[in-house]
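Colleague: If you want the building blocks of each chain, they are given just below.
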Amino acid sequence: MNLSIKNVSHTYDIEVINDLNIDLQNYHSIAMIGVSGSGKSTLLRLLAGLETPTEGTLTVNGRDVSLSDHRRSIGMVFQTHSLFPHLTLKENITLVLEKTRGIAQEKASAIADENLDRLSLADQGHKLPQNVSGGQAQRASIARALSIDPEIIFLDEPTASLDPILTDEVLSGIEKLKTSGKDFIFVSHVLSFVRDFADYVIYMDKGKIVEHGTPDILDAPKSSSLKNFMSKVR
Amino acid sequence: MRNKTLNYSAAIGLFAVFIIFVALNQATPFQIGRLESYGGLIIGGFFRTILVSFIALVGSMITGFILFLMAKSKNGFFRAFNDVFTEIIYGTPLLVAIIMMAFVVGPAFNTYNRPVLGVIGLIVYITPYMANIFRSAFKSIPEEQYLAMDIFGFTNVQRYIYIIIPQVIRILMPPLMNNFSLIIKGSALLNVLAYRELFYSVSIMQSRTFGYAEGYITMWILYIVITIPLSQFTRYFERRWSLQ
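As you go down the protein sequences, you meet chains A and B in turn.
Here this note's numbering is used: the first residue of the first sequence is 1469, the next is one more, and so on.
Here this note's numbering is used: the first residue of the second sequence is 5, the next is one more, and so on.
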């Protein structure tokens, strides 16, 4: 994917980002890391088109992110699973496919089965979100994001609300998607996952991009801020 | 399971024994037969209680929804109106609300139909409680679900039909049933307006037969016959349908 951020400033909640600029070509999995409030989640939301920046422009694969074409080309996974609780895991997928993509019932059902299977949920599709574990629900929400066949999947700290065991379960589910041909932009605090899964890392602090590069920057941080971050996070 | 049944039977039995004890220890002998020729009157009152309560339920759902929209409105006056109205109602006893409506507010508008005014009083009184349950029902859909709807590109109509309303109804049902129960109990106060609901019907019977204890116990049991199944149904509904 190609990604270009020009002179972007924005405030969301307590996060403020300030005059960001970056231009990336041909990466498949871009990680954004940093402490809470560093601006990484805001940047993710801006790139997903969920927020409009007060200043500047963002383009992904040559498209301005404010266009509805961009929205329709992405899948999104949030900190909590965001499944519709009155629908089974499978219905969560088929509803989206039938109503927003105009896909016929049978085909939608087949796509749902395929994607649930990809996330090892083949036998859970008939259950309501409240009757599966947090990890399974989050994996179902990843399956739902995949099922619309997006170009890029955005993951906003997908394991933030899970315990370590469920975190592993969800992250290994995501790692299996490396060969799926999809691109990813994600925020995560799990550095081992960032190392394995990302081919580019953006480190943010206080609303600025402090360091960026291949995951090697994690092993040889140049700035004192990233050094400090690495010493505190596993 | 068997233990549970036993415990509940014992608890219910204890209350039954208490009622029988109280009934048999009246100054005048307890003769349920006194009610006999007033059965029709009391049953009529019973159904009128259900009818007015149902009207008040539907009415207050409508006014409550309007008040909820006002509270959510961008218009500052509407929000202020909601705050002031809610505070006033919270501070008012239901009996006072009904009497004010029937004897003070109604006449000011040249209306003297007391039963109708009484029901309006009941509706006005329940309105902020209804607005509250609408508020909490809509609030219980987390922001991330709305974001997900955005990202997937659901239209506004689709959002309501397939996602919001099916959830809100399930969340709304239990507190709505609780409010219905509140209304049924509150409707007993309409007797002060000489409206022939259950309470007033029983009073008529009592004044003619002097069967006070018989009347009150019957009335009490009849209220419970409506409200307890309602609360049991609500619990069943919560167990069966609630979404976490």
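Note that these hints are calculated values from the structure, not bench results.
For each residue, glycine too, the CB sits at the ideal point set by N, CA and C.
Honestly, I wouldn't trust all of these hints.
As the list claims (entries may be wrong) - The calculated DSSO-like cross-link candidates involving lysine-lysine, where the alpha carbons are at most 27 Å apart (straight line), are:
id, chain 1, residue 1, chain 2, residue 2
1, B, Lys-143, B, Lys-76
2, B, Lys-143, A, Lys-1567
3, A, Lys-1690, A, Lys-1700
4, A, Lys-1595, B, Lys-143
5, A, Lys-1646, A, Lys-1674
6, A, Lys-1595, A, Lys-1674
To be verified - Here's a subset of chain A near chain B, in silico, CB distances under 10 Å, partners left out:
id, residue
7, Val-1503
8, Thr-1520
9, Leu-1535
10, Met-1544
11, Ser-1550
12, Leu-1563
13, Lys-1567
14, Thr-1568
15, Ile-1571
16, Phe-1622
17, Lys-1695
Colleague: Does each hint fit the structure? Answer for all of them.
Modeller: Status of the hints after comparison with the structure:
At roughly 11 Å between alpha-carbon atoms, B:Lys-143 and B:Lys-76 fall within 27 Å of each other, so this suggested pair holds. For the given pair, B:Lys-143 sits about 24 Å from A:Lys-1567 by alpha-carbon distance, which is consistent with the 27 Å threshold. Taken as a hint, the A:Lys-1690 and A:Lys-1700 pair is honoured in the structure, with Cα atoms around 16 Å apart against an allowance of 27 Å. Restraint check for A:Lys-1595 and B:Lys-143: the C-alpha separation of about 24 Å stays at or below 27 Å, so the hint holds.
Distance restraint check for A:Lys-1646 and A:Lys-1674: the Cα-Cα separation of roughly 31 Å exceeds the 27 Å cut-off, and the hinted pair is therefore not satisfied. A distance of roughly 42 Å separates the Cα atoms of A:Lys-1595 and A:Lys-1674; the hinted pair therefore is violated under the 27 Å criterion. Given the 10 Å rule on beta carbons, the hint for A:Val-1503 is violated: about 22 Å separates it from the nearest Cβ of chain B. Taken as an interface hint, A:Thr-1520 does not check out: its beta carbon lies about 13 Å from the nearest beta carbon of chain B, beyond 10 Å.
Violation of the interface hint for A:Leu-1535 is found here, the shortest Cβ-Cβ separation to chain B being roughly 12 Å, above the 10 Å cut-off. Here the hint on A:Met-1544 is kept, as its CB sits about 5 Å from the closest CB of chain B, short of 10 Å. Against a cut-off of 10 Å between C-beta atoms, the interface hint on A:Ser-1550 holds, since the closest Cβ of chain B lies about 4 Å away. Because the beta carbon of A:Leu-1563 sits about 6 Å from the nearest beta carbon in chain B, less than 10 Å, this interface hint is met.
Annotation: interface hint on A:Lys-1567 holds; nearest CB of chain B at approximately 5 Å, less than 10 Å. The beta carbon of A:Thr-1568 comes within 5 Å of a beta carbon in chain B, closer than 10 Å, and the hint placing it at the interface holds. For the restraint placing A:Ile-1571 at the interface with chain B, the shortest Cβ-Cβ distance is roughly 12 Å, beyond the 10 Å limit, so the hint is violated. Nearest Cβ of chain B to the Cβ of A:Phe-1622: about 9 Å, under the 10 Å cut. The hint holds.
With a least beta-carbon distance of about 34 Å to chain B, the hint placing A:Lys-1695 at the interface is violated under the 10 Å criterion.
This entry does not satisfy hints 5, 6, 7, 8, 9, 15 and 17, going by the numbered hints stated previously.
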